[in-house]
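Q: Make the full structure from the sequences, and use the hints.
2 protein chains.
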Amino acid sequence: MRVLVLVLVPLLLAAQADALDLEKLTRHVDGRVASYVQTLREWVAVESDSSDVSKRPELHHMMNLTADKLRSLGGKVEMVDIGLQELPDGKSIPLPKVVTAQFGEDPSKHTVCIYGHVDVQPAKKEDGWATEPYNLTDINGNLYGRGASDNKAPVLAWIHTVEAYKALDMELPVNVKFLIEGMEETGSNGLEAMIIAQRDTFFLDVDYIIISDCGWLSRRPALTYGTRGNCYFFAEVEGPKQDLHSGVYGGTVIEPMTDLIGILDTLISPSGKILIPGIREAVAPFSDEEWKMYQDIEFDMENYKEKHLNPVPQVDLLAHRWRYPTVSIHGIEGAFSASGSKTVIPAKVTGKFSIRQVPNMDPATVKKQVTEYLHSVFAKRKSPNSLKVTMIIGAKPWLADTQHSLYEAGKEAIKKVFQVEPDLIREGGTIPVARTFQDVTEKSIIMLPIGGFDDGLHSQNEKMSRYNYIEGTKLFIAYLHEVAQIKKVIYFCVIVR
Amino acid sequence: MRVLVLVLVPLLLAAQADALDLEKLTRHVDGRVASYVQTLREWVAVESDSSDVSKRPELHHMMNLTADKLRSLGGKVEMVDIGLQELPDGKSIPLPKVVTAQFGEDPSKHTVCIYGHVDVQPAKKEDGWATEPYNLTDINGNLYGRGASDNKAPVLAWIHTVEAYKALDMELPVNVKFLIEGMEETGSNGLEAMIIAQRDTFFLDVDYIIISDCGWLSRRPALTYGTRGNCYFFAEVEGPKQDLHSGVYGGTVIEPMTDLIGILDTLISPSGKILIPGIREAVAPFSDEEWKMYQDIEFDMENYKEKHLNPVPQVDLLAHRWRYPTVSIHGIEGAFSASGSKTVIPAKVTGKFSIRQVPNMDPATVKKQVTEYLHSVFAKRKSPNSLKVTMIIGAKPWLADTQHSLYEAGKEAIKKVFQVEPDLIREGGTIPVARTFQDVTEKSIIMLPIGGFDDGLHSQNEKMSRYNYIEGTKLFIAYLHEVAQIKKVIYFCVIVR
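Heads up: the protein sequence lines correspond to chains B and P, in order.
Okay, so the first sequence: first residue is 4 according to my numbering, each after it adds one.
Okay, so the second sequence: first residue is 4 according to my numbering, each after it adds one.
Any given hint might turn out to be false.
If chains are identical, the list can't say which one is meant, so a pair holds when it fits in one copy or spans any two.
Said to hold, decoys possible - With a straight-line Cα cutoff of 25 Å, these simulated SDA-like cross-link-like pairs (lysine to any residue) come out:
1. K385 / A170
2. K345 / G397
3. K345 / M186
4. K385 / D92
5. K345 / M394
6. K94 / I277
Hint data in this document are derived by calculation from the structure and do not stem from the laboratory.
A: In structure tokens, the structure reads:
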């Protein structure tokens, strides 16, 4: 008779970061600045705008460049086919492949997976750029170019991190995987299915996921522990069969625009209070601890006021940015939107608005609340027109535990590189992939930003400072060392006869 | 001593329309159908969109085509420079010249002036056109194309009228002048000044002004005796210095869109009642006579209901179309208006709406009422944003005397060509030039439409039926004969020694 006994032996591995090693790596980075900037220039020159299908060849080229770069460092690289993108006209075109890479397979080490993207938002000189958006331009130590901060430089900083070890012939303190996509700016089309498909393969040995697709809040380095989610709605009011001349028909039809304006006006009060029943009730209470924390965060109120006109106390401002929901009405499709005048009664108009999600809101519930509310408001108007409400995006908020060892490692690394305590911050925006990673892979996640607070993401004159790019690379190196020191539990299976 | 005596000799001229002449002219028109359609095709092919300054060369070309056509018939043609158009960016571009022409100068005859325009509303296939808007397409006897009915075919029908006489070597029964402009669709920029400048020259010998820039109400031919005016407003709400990311900034700013939606929602009630104080009070009372007349007019309620959803009694419908004011919200400039989603907080948004004017409203008063009302509503919101209200068009309503001999002539001509009594109708839309002609030249005016009731002006799939185009040309010929029979009083000055 054989007895099979499963013995769990917790093996506590705590690799010591060698201060000498770190110094060498840091010096290496300082010596490679010109080369790093040159690579960023080459990457920014690729107009990898994922929202413009005519730029798709550039985007494919960008994914190839990324794969080549990772391969050149000896990584085990794959380009994962994630299928087709359906276009509004019914045609389909290939999605950009997702690039995965692996450096090291030592089971005694932690494995981190770096997430990033190399597609960009649209940009044209005539939008108001001071420089050519796809020609990286160095002005006073700032590197201006579309995608410089979002997210090409951070992806490169991680690649440079691996390169530094390889160049110095040093062993990576942890196994490093990469997952780089090319559809982030348009909703990460195809990525969730890929993550689900590879949950038990690529992600099986991953311990931690690191996302550097965000920025600091001030000049003080920061760790990000939360993002808001987003529920994006279309409210479509349809009336006559076609657009009508407002002179000929005005007064004899109940105009869809009047109805739409009427229902949009019931979403939010003049002071910004959300009027949809149930929304505010779902929000997690704001604790005294949070209040205290928000108070102490470094934030340039003067700069903010100058730009945005609403002089409110810092705590209120941060709370409304990070941990309260909000309604934004983005615009109306189908109505007259050009300059000049047009005397039209639009036949079908679609109001577009979104509600940022915070704990403990749930998109499915919000969808129900908004749809029911708008239909009830619309019904009271007794309009002959019809209303259709659809939620086209339902992204949950994400929140991490700042006491987790991943965050402790982040604090240590920042102290080593910048000699300051980081701010612990949240993002008002949505990084849906964080929540997807969490829900699908159940791995712990950290957001470790190196972008500046004034990088102008999605806006004109996006930039990455040389300082953040280079010191950010050093931070990533230091971070891998800190992560290596997190205790790792290994399970042995011993068969006893 | 010389005695100067002024003797007024009323010379009653009543030219007899020669039935034989009319028949010949009618046959000529029937033989020219293919050529008339071809000319209309060539005119529709010119994208003479006056609202789009990038199309200005096409518009200039259209004015030249018009002048050439009139010249080819032997008219005394002038292209009147009416100056520059100031653009929102401060630059100026030349306005399209106004084309005037004269056929005949016989002082014993009446002189009519035909007004028309050859500019068009914007149109793109993707707006929902079944055919290419600038490629005239014949489907079941309907000629589809932008500007076909508004106003290129009617202008051509008048030109064909003159051409028929020339081709048959017949004398025109009246002197005919033309005044064709190229800015009608955007408010007849520069025209009023031109009319004022030429009041005592071009207009001096004009007896009557004929406008064919409108349509019938049903399949029954009609004469138009009134139009609504129009006050067109821009309400601009401005907040942050630039567009903001709604994730990063949402909740920390009072969004201009929220304010704009809020104030637009106070203009009109769900049932269509105008809420701006003072507007409804200014409207002339609806008489029993009018009620009776509206009741008897031919109007296809079934077709109307099918298209526009509001089943109301005919009299109410016509009253709301012709003689009551109305508010239409046309759209918002500066907000997101494309398909898909964008998470933007627009920094500056301009709501565009218009209020149709009826007797006894006065645009200057309406401007004051709207501006004060919107500012008072906005003030109650206590918004940090700013509001600017401007009235960019202020066109008065127009009303003619249907007992005037011009209208009697119209009734006769319609009876001759169509064998029916015309309906006497009003236009819900605005033809500001009618009011300008009346106020500046003090001439009598008639609106003599040939457009169909379902031509889709300003809308997708605008068309002119072959029937209306060709029979309309015959109507114009018959009308000139009827006008020639109006008694003309000639004053002689006799010097008696």
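Q: Given identical chains, is K385 near A170, meaning Cα to Cα at most 25 Å, within a copy, between copies, both, or neither?
A: Neither way: K385 and A170 sit 71 Å apart in one copy and 60 Å across, limit 25 Å.
Q: Within, between, both or neither: how does the pair K345, G397 come out at a Cα-Cα threshold of 25 Å?
A: between (35 Å within a copy, 14 Å between copies)
Q: At most 25 Å between C-alpha atoms: does K345 with M186 qualify within a copy, between copies, both, or neither?
A: between (35 Å within a copy, 13 Å between copies)
Q: State whether the alpha carbon distance between K385 and D92 is at most 25 Å within one copy, between copies, both, or neither.
A: neither (31 Å within a copy, 43 Å between copies)
Q: How would you label the pair K94, I277 (within, between, both, or neither) given a Cα cut-off of 25 Å?
A: This pair counts as neither: shortest intra-copy Cα distance 37 Å, inter-copy 43 Å.
Q: Could you figure out if K345 and M394 sit no more than 25 Å apart (CA to CA) within one copy, between two copies, both or neither?
A: between (30 Å within a copy, 14 Å between copies)
In terms of the numbered hints stated before, the structure departs from hints 1, 4, 6, listed from lowest to highest.
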